[in-house]
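With chain V held as given, fit chain L onto it using these hints.
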Amino acid sequence: MVRESLKRKYNKHQETIVLTNTASSTTHTLEIAAKTDPGILRSLNEDSIATVNDLGLLVLADGMGGYQSGDVASSLTTQIIVEGLARELQGKLNNGSDVATLVENVVKRANKAIYLEGQQSAQRVHNGQSQAMGSTLALLLFRNNQVTMAHVGDSRIYRLRANRLELMTHDHSLLQEQIDLGILSTDAAATSHNRHLVTRGLGLQDEVAVTLAEHEAVPGDIYLVCSDGLNDMVDNADIELVLNSLQANLPLAASQLVMIANDNGGEDNISVILAKVRSQTTPEAKKQGFFAWLSGR
Amino acid sequence: MAKLIVSQNGEVIDNRFLNESSFTIGSLADSDLCLAIEGVSRSHARITSVGNDAILDDLDSTNGTLVNGQPVTRHILQNDDVIEIADVQIRYRNHKAIDGPSFDRTMIIQTSALDGDAPAQPVGAYALATAKKERRFRAGARMGLIRAFNGVDPSKEIELSRVLHTFGTAGKQLAVINARPHGYFITHVEGKKTARVNGKAIGLQPQPLTPNDVIEVGDEKLLFLLK
Chain V
1 MVRESLKRKY
11 NKHQETIVLT
21 NTASSTTHTL
31 EIAAKTDPGI
41 LRSLNEDSIA
51 TVNDLGLLVL
61 ADGMGGYQSG
71 DVASSLTTQI
81 IVEGLARELQ
91 GKLNNGSDVA
101 TLVENVVKRA
111 NKAIYLEGQQ
121 SAQRVHNGQS
131 QAMGSTLALL
141 LFRNNQVTMA
151 HVGDSRIYRL
161 RANRLELMTH
171 DHSLLQEQID
181 LGILSTDAAA
191 TSHNRHLVTR
201 GLGLQDEVAV
211 TLAEHEAVPG
221 DIYLVCSDGL
231 NDMVDNADIE
241 LVLNSLQANL
251 PLAASQLVMI
261 ANDNGGEDNI
271 SVILAKVRSQ
281 TTPEAKKQGF
291 FAWLSGR
Chain L
1 MAKLIVSQNG
11 EVIDNRFLNE
21 SSFTIGSLAD
31 SDLCLAIEGV
41 SRSHARITSV
51 GNDAILDDLD
61 STNGTLVNGQ
71 PVTRHILQND
81 DVIEIADVQI
91 RYRNHKAIDG
101 PSFDRTMIIQ
111 TSALDGDAPA
121 QPVGAYALAT
131 AKKERRFRAG
141 ARMGLIRAFN
151 GVDPSKEIEL
161 SRVLHTFGTA
171 GKQLAVINAR
181 PHGYFITHVE
191 GKKTARVNGK
201 AIGLQPQPLT
211 PNDVIEVGDE
221 KLLFLLK
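Protein chains in written order, with the numbering used here: chain V, 1 to 297; chain L, 1 to 227.
If we strip away everything but chain V, and leave its shape as in the complex, we get (with noise of 0.2 angstroms):
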């Protein structure tokens, strides 16, 4: 009885302080920089990113499939993603929908819109030869100072706060499983020749399952967004380490990562996608002079 009547005092004195943010509007702002790049040894990209400011989402995909047709499945999952999110989210401003629900809805419409093409391209393609065609998903939404996070597959989400570097997601792929259930260290997974085996995709069946979460945001904190063509070729020790080193310039931060997967062999598409929490209390003045000195050259 005690502890539900503190809690209840405790949710109380949040509410207080969510209100008197929202009257002084100090709203967090988001800072975003994106890189996709084929890599050195494909000259396809089948990675697809985009990222939308205003309403603060940012979408990863990375197809899968032969002819040309994890191309089609990537883009066609950040477009119906990109699309369908702005619609729902549209005139619905701070109100306190699920946002979870939102983009789970609407992942899993993206879903059923590639797997349906896929059964189609087969049919014209191939006479009915099932083509298998499909894409991974790494999502962040942010909204109301919260940050909600989708993944389907092997894409990753990261988030460096207080200088570390924490993954947020845990892959869909058999090596991970095999981790998991102790079958494997993750010493030995490096020796592995399942680094890309997935076992959740959007696209390969009529229903997926969409791992969600949510988190609160806090100012400083920086989000990566990244296909595996990071992730393999570049450890985390020097992910943290850019982040660390370069967040006053976020879209050096995020050339760099391409560079240095490029560096370590490039043996796959390189997409990363950077999202730098600020509070809005920061002086515009130094915000201004930052992105004139950019665009100033």
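In case anyone wonders, no lab produced these hints; they're calculated from the structure. Keep in mind that a hint or two might mislead.
Claimed, not checked - Residues from chain L that face chain V, not an exhaustive set, calculated with beta carbons under 8 angstroms: (1) Asn-52; (2) Arg-93; (3) His-95; (4) Lys-96; (5) Glu-159; (6) Ala-170; (7) Lys-172; (8) Thr-187; (9) Glu-190.
Quick reminder that beta carbons are idealized off the backbone N, C-alpha and C, glycines included.
Same frame as chain V, now just chain L:
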């Protein structure tokens, strides 16, 4: 498909394909590879195929299992590995287990039994597969070195061993030096003015560094050298 080539006294005695998910080796008659030889335990070892991998397990055998001369308990087989059990050599051949870049696109495998909605885990507590080995430097490349001219501690010297190092003052003027396979490069990070190399502003594009370059960044004056 992965293949095992079994030899004894230098002669090939058997060839087997790993076409089942579990392949047993032992002196028992119903082993997939029956070796009725002295020194082989009844259930000696097992090879489990998962995706592109074949995982070798020693089943607590009396005399042990070697791979390329080293005793193992569990090992992910690599193309051309030689398994030794008693006086028998078993060579593993699998073109999908050749080290180096894989041109396979991300492929899809059937969802396994344990999939479904796994319980939520605390953030950052995940075990994760690490990146492939680094190959950042060309063999014989010389390490870069930064020596301070007139810094706070004039004797300080920094080896450029990491993939990048920043110099200068955060919030004022900052530059980054990258160690790349073909040399060292300096790039502007932040500040109204860029750092200078040999008295010349570096601009916004990366600039290659050559030994004895003098770098001015923030309040620091630095000398770039190769070890």
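* Does the nearest C-beta of chain V fall within a distance shorter than 8 angstroms of the C-beta of L:Glu-159? -> 15 angstroms, violated
* Asked: Once the shortest beta carbon distance from L:Lys-96 to chain V is found, is it less than 8 angstroms?
  -> Constraint on L:Lys-96 satisfied, holds at 6 angstroms.
* Interface hint compliance - L:His-95 to chain V, C-beta minimum distance less than 8 angstroms -> 10 angstroms, violated
* With 8 angstroms as the cut and Cβ atoms as the points, is L:Arg-93 at the interface with chain V? -> 13 angstroms, violated
* Please verify that hint: L:Lys-172, Cβ, nearest Cβ of chain V, below 8 angstroms or not. => Because about 10 angstroms separates L:Lys-172 from the closest Cβ in chain V, which is outside the 8 angstroms limit, the hint is violated.
* **Restraint outcome when L:Glu-190 is required to lie within 8 angstroms of chain V by C-beta distance** => Holds, because the Cβ-Cβ distance from L:Glu-190 to chain V comes to roughly 4 angstroms (cut-off 8 angstroms).
* **Interface hint status, L:Ala-170 versus chain V (Cβ within 8 angstroms)** => Hint holds; L:Ala-170 Cβ to chain V Cβ min 7 angstroms, cut 8 angstroms.
* If you take the shortest Cβ to Cβ gap from L:Thr-187 to chain V, is it below 8 angstroms? -> 7 angstroms, holds
* Asked: Hey, does the L:Asn-52 contact hint survive, CB to chain V under 8 angstroms?
  -> 4 angstroms, holds
Violated hints, in rising order: 2, 3, 5 and 7; the structure is consistent with all others.
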